[in-house]
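Trainee: Letter by letter, the chains look like this.
Number of protein chains: 4
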Amino acid sequence: MCSVVGIYNNQNASKLAFYSLFAMQHRGQEAAGISANYNGKIHTIKDRGLVTQIFKEEHFEILKGNMAVGHTRYSTAGDDSILDAQPVFAKYGLGEISIVHNGNLVNAKEIRDELIKRGAIFQSNMDTENLIHLIAKNYEKPTLKERIIDAVKKIKGAFSLIIMSRTKMFAIRDPFGFRPLSLGKLKSGGYIVASETCAFELVGAEFIRDIKPGEMVVFENGEIKSEMIFEPTTKQCVFEYIYFARPDSNVFGKNVYVVRKEMGRELAKELPVKADMVIPVPDSGVAAALGYSEESGIPFEMGIMRNHYVGRTFIEPTQEVRDLKVKMKLSPIMDKIKGKRLVVIDDSIVRGTTSRRIVRMLKEAGAKEVHMRIASPATIGPCYYGVDTPTKEELIASRMSVDEIKDYIEADSLAYLSIDGVVRAIKDKKENFCFACFDDNYPIL
Amino acid sequence: MCSVVGIYNNQNASKLAFYSLFAMQHRGQEAAGISANYNGKIHTIKDRGLVTQIFKEEHFEILKGNMAVGHTRYSTAGDDSILDAQPVFAKYGLGEISIVHNGNLVNAKEIRDELIKRGAIFQSNMDTENLIHLIAKNYEKPTLKERIIDAVKKIKGAFSLIIMSRTKMFAIRDPFGFRPLSLGKLKSGGYIVASETCAFELVGAEFIRDIKPGEMVVFENGEIKSEMIFEPTTKQCVFEYIYFARPDSNVFGKNVYVVRKEMGRELAKELPVKADMVIPVPDSGVAAALGYSEESGIPFEMGIMRNHYVGRTFIEPTQEVRDLKVKMKLSPIMDKIKGKRLVVIDDSIVRGTTSRRIVRMLKEAGAKEVHMRIASPATIGPCYYGVDTPTKEELIASRMSVDEIKDYIEADSLAYLSIDGVVRAIKDKKENFCFACFDDNYPIL
Amino acid sequence: MCSVVGIYNNQNASKLAFYSLFAMQHRGQEAAGISANYNGKIHTIKDRGLVTQIFKEEHFEILKGNMAVGHTRYSTAGDDSILDAQPVFAKYGLGEISIVHNGNLVNAKEIRDELIKRGAIFQSNMDTENLIHLIAKNYEKPTLKERIIDAVKKIKGAFSLIIMSRTKMFAIRDPFGFRPLSLGKLKSGGYIVASETCAFELVGAEFIRDIKPGEMVVFENGEIKSEMIFEPTTKQCVFEYIYFARPDSNVFGKNVYVVRKEMGRELAKELPVKADMVIPVPDSGVAAALGYSEESGIPFEMGIMRNHYVGRTFIEPTQEVRDLKVKMKLSPIMDKIKGKRLVVIDDSIVRGTTSRRIVRMLKEAGAKEVHMRIASPATIGPCYYGVDTPTKEELIASRMSVDEIKDYIEADSLAYLSIDGVVRAIKDKKENFCFACFDDNYPIL
Amino acid sequence: MCSVVGIYNNQNASKLAFYSLFAMQHRGQEAAGISANYNGKIHTIKDRGLVTQIFKEEHFEILKGNMAVGHTRYSTAGDDSILDAQPVFAKYGLGEISIVHNGNLVNAKEIRDELIKRGAIFQSNMDTENLIHLIAKNYEKPTLKERIIDAVKKIKGAFSLIIMSRTKMFAIRDPFGFRPLSLGKLKSGGYIVASETCAFELVGAEFIRDIKPGEMVVFENGEIKSEMIFEPTTKQCVFEYIYFARPDSNVFGKNVYVVRKEMGRELAKELPVKADMVIPVPDSGVAAALGYSEESGIPFEMGIMRNHYVGRTFIEPTQEVRDLKVKMKLSPIMDKIKGKRLVVIDDSIVRGTTSRRIVRMLKEAGAKEVHMRIASPATIGPCYYGVDTPTKEELIASRMSVDEIKDYIEADSLAYLSIDGVVRAIKDKKENFCFACFDDNYPIL
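Sequence lines, in order, name chains X, Z, E and H.
Residue numbering for the first sequence is 1 to 445, as defined by our numbering.
Residue numbering for the second sequence is 1 to 445, as defined by our numbering.
Residue numbering for the third sequence is 1 to 445, as defined by our numbering.
Residue numbering for the fourth sequence is 1 to 445, as defined by our numbering.
Be a bit skeptical, because a hint or two may be false.
Same chains, same names: a pair is fine if it fits in one copy or spans any two.
Stated by the list, open to error - Straight-line alpha carbon distances no greater than 27 Å define the calculated DSS-like cross-link-like pairs of lysine-lysine that follow:
(1) K338 with K185
(2) K254 with K363
(3) K41 with K430
(4) K338 with K225
(5) K225 with K427
(6) K91 with K156
(7) K212 with K427
These are computed hints drawn from the structure, not numbers from a lab.
Next up, chain X with everything else stripped away, as it sits in the complex (with noise of 0.2 Å):
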């Protein structure tokens, strides 16, 4: 899970990438950077952080250039993560070039031990500096456009990608189409390419409409012009609407506010019961819980409060502290819960530990009964499209029958949303969508 930016064509396009980034910090907190081009010389700031703590104003001086793109990132810090901080900039045959790159590649192995047997070399870890060695020796073809082109057919997997040269932007997404990738237009002038459009609310741009899968946009001479460089089979990433996006965003053609709500009406057709009350885990679940509340008329209730001021602390709690890491973030409004049979409803089960957790704090505090209720079918396969999932092993459902993992939660009941459910809550063709790990159904491997 990262996040991807571009603007073109506009006078302060850093600081509109910086804005948008920061409307999409969700989707990732450990490094975050943004290229500019002045004069067709990139310039590049990145770091490790969140985006408010990278850029302070006199970056901006260097950031000049109506042309931007910017990156945040979510990943496992290894040592070297600076190092893999995007955009990933290189001075190569045909000038300059900065990418930023949202997704996985399949065959990104492959493509690097063939590259490094030909002489390539690598500095990072990171699958966006295969791109920019196929784009570099790809002698033959003599424009960015075509040597983009042949390189994106030799990836495979999943990628939304913005590229910048000295004079072009290219916005591209793969022919499934995993990761979302959205156009607009500024209302300041030029257009902006996002992950997610709650970013267009914050810069003042317009959706224009999602790039589609397969679609290579191409931003020339003020202008766009698009391009399907791929027979599209779109696999959409299912997960964006259930936990990734934003609620304010729309993504893949729908608001995923409006979703998640559905979500939570088609599990509560599903999966009725009788309980007093529907309390969604904050902050993920509050949209399924009121579409659970209102197709269920079980009265919904905030019965669990998430506190804001988590951040990292590093003191060591006592014994008589227990849970604390979800104690710190969650607390039940014991009032209201005293008593009572709730229903729960979570985004999605992990590792199952923390809705152990949730299940024991709300019994404490008094609950007669506890049905978890996730608003998504069991997850029991890892990503390879760019979600960091655990492993296999890792993950709950794939070692445990719903009923084990009821009672490993020692939650009263558990139930878990169909893929038809999500598939009736997108209102959309299930084969436009990824369901992979939960039917282990991958479209490319």
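Knowing the structure of chain X, use the given hints to seat chains Z, E and H on it.
Mentor: Quick look at chains Z, E and H alone, frame taken from chain X:
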């Protein structure tokens, strides 16, 4: 607005104080501190910043002992602000003492002038320093307890106090009981006194009861003794329910979330409006909006999203990014709002500028009508009992009629909950509460 | 060891105080602070750290006005150390006051106990707080000047004080004149009082004269008036010459570098040795080594280099890296040292461990003989007048003979300068100086 | 100016690299980094700042293994400077590699252009990237050693290189030997290669010999093998003696302090002047001033003190504080200087502004005459071999005669040491050294 905590007779006293302050961080982010008592010697760590920023593991090597008091401070930072952090520690005639105070004294200046005339020196701007002087100068009384009683009888205003000596702890609430103060029993041994019960949940404590207005609880020899040192004339701060306290806290005998939801119900009863949707200004308007929705039958939606990554940024906005401060924090779910008549629920209106930005944002997002409903009466006067309200002039309701405010914030309609509505929501006697900021009826001046 | 500065009647008072503290940073790196006086209101900024770390340009917006006092603190950090930074500010019966103090009171505890008995409270561990209490409580005297005189007559010990009220400044030196305090005229207008004259050079001031032992200088209405408030019994600290003061300062009427060089000369006269080379322990031994070389005719070499990048590192040393702390700071010029008989000049020996490491390092580097010569007498007792010496037990010379110390530090010979040698170097009367740490003859206890 | 270090076959390899970099911190304060090799996997930590700021104890958990290379960087910070820190790490056809480089390539652009033409991408501005590409692309040669030899034969300029693969280490010096590189034996086992021998003392290593110009030393299977890969045409950088290297280092076979002192002697012989006192500009002029004094018989004095607390301050100076930057760093011992004729010894003059400030400061302090003597020839041209000199235009001696410079810096006389004087001081053959910045005679361009 501040928070106080005292931990008595627990070997992890200072750590439990730390976690309690963490839970009460919403009551003050400027500064924090903890004093602990080890073998009759008091050590204090205090600084500017959030509790998680100030305290490091090694500090708890210094803050040893089985008694501790802590404080978080909400304040307009002056140049000397580090000196104005609490606890206030002093050596005096009977040994060492450390005090934490939530509230505000109305006769602080008179006492200070009188004390200075008698030769006292004041090294901070804190009212709390008065108290230590009064205790220290009272040589005739041989015991600290007697001196404390004499001292608090001289001060007037709001005070929820915790005082730690080398062997005892004292918890006192002023006769009006303006600020909350609750007593709990720690599962790991000993007692806790804290401004809000949300601290109890985190440290593993059971609520015993509120310290009563006018009461002093003495912790000594492992036990607690109570004494009424004032004739109570209860006037508890209604704003604790409206805005300050955390929804999961029980304050003045009621759960805050429950009261807020009832305020929403009363608002719907008093001031109905035809609309398609009830939406809260997050997070403080959520409970009232749920109550409004339940009572009115108008569907509840989380139509505005709050971005929790905000933090501080010093990047100057470009002209394109209007109303940036509000937009970086709040964003509308456009698909839900477009073409809809909205009832927007907020807890209160102070200067009116934020409300105006919210209304504009919703209109820009396509709302057909915006009916602002405030879950409290119009704030017409400042608070002298510990709330950091702006001056009378800055309060929009002190110089505009409701109709004028409606025009100023560009809403289609505006209405406030009545004082009686607040009373009905609390389900307690009106005379037990202070409504001074709404009705200019100050209990003590 | 601390430094104090006062700036009177200059529109850049606080900035000149800042630069003065910067020049006197060697007299205290723990904490620093400045109070400035703007329209009769005193503002204070103080914190832990170096002056360049503490003060930011924006602080000087707060520290406006044409009077300022400043302080740098050298101290063993306690847990409450932020509270122990100076200036000490207080509001009291005659208004506002801010005090800076270099020295140490020998009757601080008695005064404190007496004051506490009379109802005073102490919020820090600083002797300076005593003084403010004495001033504040002296109601019978209507003017600050009278009160200051009464107060300083009650305190005993070392005090070079600067006191700032809303309209005046007072500079006072105790009757023994233990610590230096000099008066200068600022070229840009007004006066400066500072612990060391090295501050004068940086801020553009001309040295007028030292404040005399027992003198009080009053700055009022743009002028200075002097008054002897004590019968002086001059006992100036000889260690200022030996170690504390900067070589470019003039202290007690003599230039420090010149005196140190003379000490080296005397050392050569008293304790000649056959050797190939004189080398100093940098930086404090340089001047004495030059004098020794000139007197003895043995060539001077900078045979030990000092690494000025030291700073703090928390990397644990490996076993291979022995004596790391000394080696990171000092390293021998091996080509010069190998096979040579060295006279090594240091200012003093405290615990003996550093001397031993230096001797070992030089022997490992191939020195044939190492003759340690100390440009001061053997330190046998602690200082009670403002120098932070270790306890008597820790002082190697309090429990070992010179011969035993020689063996301990593994030198081929060891000799100390005599007290009379010090006196000859200073070229002043012996009775004007305190040698208590060398001869156990404490002027006041 | 940079420093490099390699540690081979020692279990604390990365810690010893850290201490070595600490000792060589004077050769670069902008950035630093270490790569270590654990079980054939190379990990790298690098960042901006001083080595003590960058490295934390926990980093050495990552930097495990018994081989390590390290680098400190001196550089004009560009916007991308974090990317320009070394070591440069890459994965390539034969595995993993990490390189550190001290020097500068004169044909870097040509090689880069050629490599780019052949499809290479460059992600930094460092010459070092060239080398990795040359190695990576040389598929015909099956071993790293052969590839390294081929690669370094293509590059021209100054390079003291250390290259670490998964199993070996290579240390190479260009045929001119512009930059130093010395080999030592660690007492705790294994070998060290470092830019300066001052690192050896700190980590406990014995100097074996210098790596020869044109030599490659291979560390493999616990042993070292040497090979001459270039015909040497030795042209060692004379500025290493004049300014760069630490006095306690032995460089190009001579001790730096000894050579500097000899330069002072030669200066006295060549350019005698009648004066009362020889004083150095600290710290770099000290050794030469001692030599000048010994030769001339004019007494040496530390007449200017250097303040080592400088650090950075962002407080804007007031008008009163003229020449603040120099005065905060240097201050005169006025008592010594007043009325005296001074010979002031500095290592070199670059722009002339600092010299002018020093002369003025000494005159203001009362010096009767100031005779500036420079212990090197006049710098008339930039260095292309790794020294960060200003442009020709900025070098005062490139556009003014000695007499004009004398007038500009307001000295009573000015003289530079001749090139022959430098040679006599080094006591080596003239043709073995590069004097290009003094005589415009560049060995390679």
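Trainee: Which earlier hints can't be squared with this structure?
Mentor: Hints 3, 4, 5 not satisfied by this model.
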